[in-house]
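The task is simple: from the sequences and hints, build the whole structure.
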Amino acid sequence: MAQARASTASNSPAGTSGDYPPFNQRHLLSIADLQQHEIIDLLDRAAAMVPISRQERKTHPTLTGKTQINLFFEPSTRTQASFEIAGKRLGALVMNMSVKTSSVSKGETLVDTAATLNAMRPDVIVVRHSAAGAVELLSQKVGCAVINAGDGAHEHPTQALLDALTIRNHKGRIAGLTVAICGDIGNSRVVRSNLLLLGALNVRTRVIAPRNLLPAGIENLATEVFTDMREGLKDADVVMMLRLQHERANGRMIPSIREYYHFYGLDAEKLSYAKPDAIVMHPGPMNRGVEIDPAIADGPASVITDQVEMGVAVRMAVLDALLPARNEP
Amino acid sequence: MSAAMTTTATLIENARILDPATGTDHAGAVLIENGVIAEVAIGKPIGVPDHVEVINARGLALAPGLIDMRVFTGEPGKEYRETLASAGEAAAAGGVTSFVMMPDTTPVVDDSALVDFLIRRAKATSKVNVLPAGAITKGLGGKEMTEFGLLREAGVVCLTDGRHAIQSTSLLRTAMSYAANYGMTFVHHLRDADLAGDGVMNEGLFATILGLRGQPREAETIPLARDLQLAGLTGVKYHAAQVSCAASIELLAAAKKRNNSVTAGVSINNLALNENDVGRYRTFFKLSTPLRSEDDRQAVIEGLRNGTIDTIHSDHDPQDTEVKRQPFAEASDGAIGLETLLPAALRLVHSGEVDLLTVLRAMTSRPAEILGLPSGRIAVGAPADLILIDLDYPWQVDVRQLRSRSRNTCFEGARLAGKVIRTIVGGATVFEHID
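Residue numbers (this note's numbering), protein chains in the order written: chain U, 1 to 329; chain P, 330 to 764.
Bear in mind the hints are in silico, worked out from the structure with no lab data behind them. Where is the CB? At the ideal position from N, CA and C, for every residue including glycine. Heads up, a few of these hints could be off.
Chain P residues, not near chain U, derived (Cβ > 10 Å throughout) [to be verified]: (1) Arg542; (2) Val709; (3) Ala743.
Quick look at which bits of chain P chain U covers, simulated, 3 or more residues with Cβ under 8 Å [stated by the list, open to error]: (4) 534 to 541; (5) 656 to 669.
Just the calculated beta-carbon pair ranges, DEER-fashion [to be verified]: (6) Asp298/U <-> Glu547/P: 42 to 52 Å; (7) Pro723/P <-> Gln140/U: 24 to 34 Å; (8) Asp445/P <-> Asn96/U: 34 to 44 Å; (9) Glu741/P <-> Thr305/U: 30 to 40 Å.
So this is what it looks like as structure tokens:
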């Protein structure tokens, strides 16, 4: 287990892909596919990318002449923007495609779409889809690299990487920490990627949610499972809150937002059970007053905007890691 | 078609006769005359008439042809998936001499005129016996009963809504009661639609890892408990279409102690596979009754062994690439299985889990008894629907070699032992394996 580099990023100029061993993955589909050393490698590469975005001329053109397609079957503002900026800062030609689909009125199938885009010879396709496994299916039908930007309730690997980088920046390490994830565990791809990644880095992982939002078998994926938020937050180094979809609080899954917030919303009183220096994270977009008190979201413990910044760095690192490898014979 | 091909007499000699109905497993010979079994000689000489065609079985197993209680065809309506002819080819190669055709077609088999058409169409095009099942509700809509009496007169062998499950308890009661009126077998798929929700595989850790919605086992056991009580109330001949979990076996075992009109089937898929076979979103393993855990599979095998489970069927359900090459949750349910039914079932025999006659009984005499058919046994007067099996023949499934029009098999690449060497329907050979 590598000890993290010191603070935010190394002081040396941004590395190129040449500074790292080749990244031997064709795609980034899931954290489950990555070995521990590959995760650490990606975090190191991402840390080195951070200064580029802090320069005046935010450019590091290692992907000049490459074509990146952002194919989003599900609306997303921040993830799509993050991938777009990441690609552009590396000099790639970035094209955004938002595809409105519903499983009812399909028309062209996912596989047809993949074949069509593939014929345009992109170098990388970034895909978000509402169905678990859809990105992997698409990756089997194209000749370029594919990055999973979220597939249903399955995985969102770059989110877990940016979360880990944020944690490392603030805590100076990852191994041995206690990370509590609270909220809609059952429907969250962020949770699955995070549990896999943090588990691989020897983190004590906790999930906290009412039973209705805990998926079957979760006790095999997290170190500990809590239904009481105060117990779950006790001595945590990191508190990760998840978005609760409003439509779940309609009396079918959760009785009301009021009840949910009372027992599972993060406020100062509940946060006081965590370590005094605990950081608060959220993958966004936040529902202030549903899962988190605005005072906490915007308070000193919050590192939510850091997460967004690290998101660009992680995506630059992933693009940079995947693309050279693909062009070598 | 089969009648025209019948020679006057055929003798199958040097066979290992396996007749599950009587528990026979002994060397012998069978004489077929005019499409019917004329004589069965076990351990004694047989009187051979003139002009007889002699088939030397060379010690191969001779069993009744299989009766598959759950087969979906594409005809009518989706002939690109499967026709009665292509299903018949696959069935013949798999040793299935009769199959019950589910009413889930376009149009739905909910009208006696269509039954009449199907029977004639099948006779003209299919190598094996096609036994239509009539829909319980019009259009499989789960709302209004079909004309059970007229369907029966037209020739349906049972009533079922195929892969559709009726949700209304009062309608079920009425339909079971009316089916009992005509002594018709009532076959019902078990799925609480509300509880199953948008679940696409067995609920559990594996579904959680894949990020897929799960169906709890209770979506099967709750409707089963309801059906078993209604079967007791109405006196209908009730057959649970396919069960998949340990708790269902317990419910059935308890009900069978009280009510001998209750029977149950299992798909070969739930006997041979479990939820881990879904792997990374392999949509061929997405089935109308989901694959369950290994514990459930073991419980179902025990149910077969102790007689709680009566029948094994293929759940043959051809689906085309378009609907299978989709993200898992959006893909259609179903897998083909006519050609792999017997060897997949023989796995249980080769592994020592279930004895040979028990496995064969569940695919021959038990379905025949449940459906009231004269076939499914090697007895004088029974139709000469017979199969010669090389029980140990090793082979590997190659999807390109399968005869179904669709390719969605769960057994691609599987190494199996046991193959049908010859299939005889109504005295005529409709399939012969040539090495």
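Verification of the hints:
1. Arg542: It is violated; Arg542/P is separated from chain U by about 8 Å at its closest Cβ, not greater than 10 Å.
2. Val709: Holds: least Cβ distance 55 Å, greater than 10 Å.
3. Ala743: 21 Å, holds
4. 534 to 541: holds (count 8)
5. 656 to 669: It holds, with 4 qualifying residues against the three required.
6. Asp298/U <-> Glu547/P: 42 to 52 Å: About 44 Å separates the Cβ atoms of Asp298/U and Glu547/P, which means 42 to 52 Å holds.
7. Pro723/P <-> Gln140/U: 24 to 34 Å: 31 Å, holds
8. Asp445/P <-> Asn96/U: 34 to 44 Å: For Asn96/U against Asp445/P, whose Cβ atoms are near 58 Å apart, the range 34 to 44 Å is violated.
9. Glu741/P <-> Thr305/U: 30 to 40 Å: At roughly 50 Å between Cβ atoms, Thr305/U and Glu741/P fall outside 30 to 40 Å, so the hint is violated.
Against the hints set out earlier in the document, violations occur for numbers 1, 8, 9.
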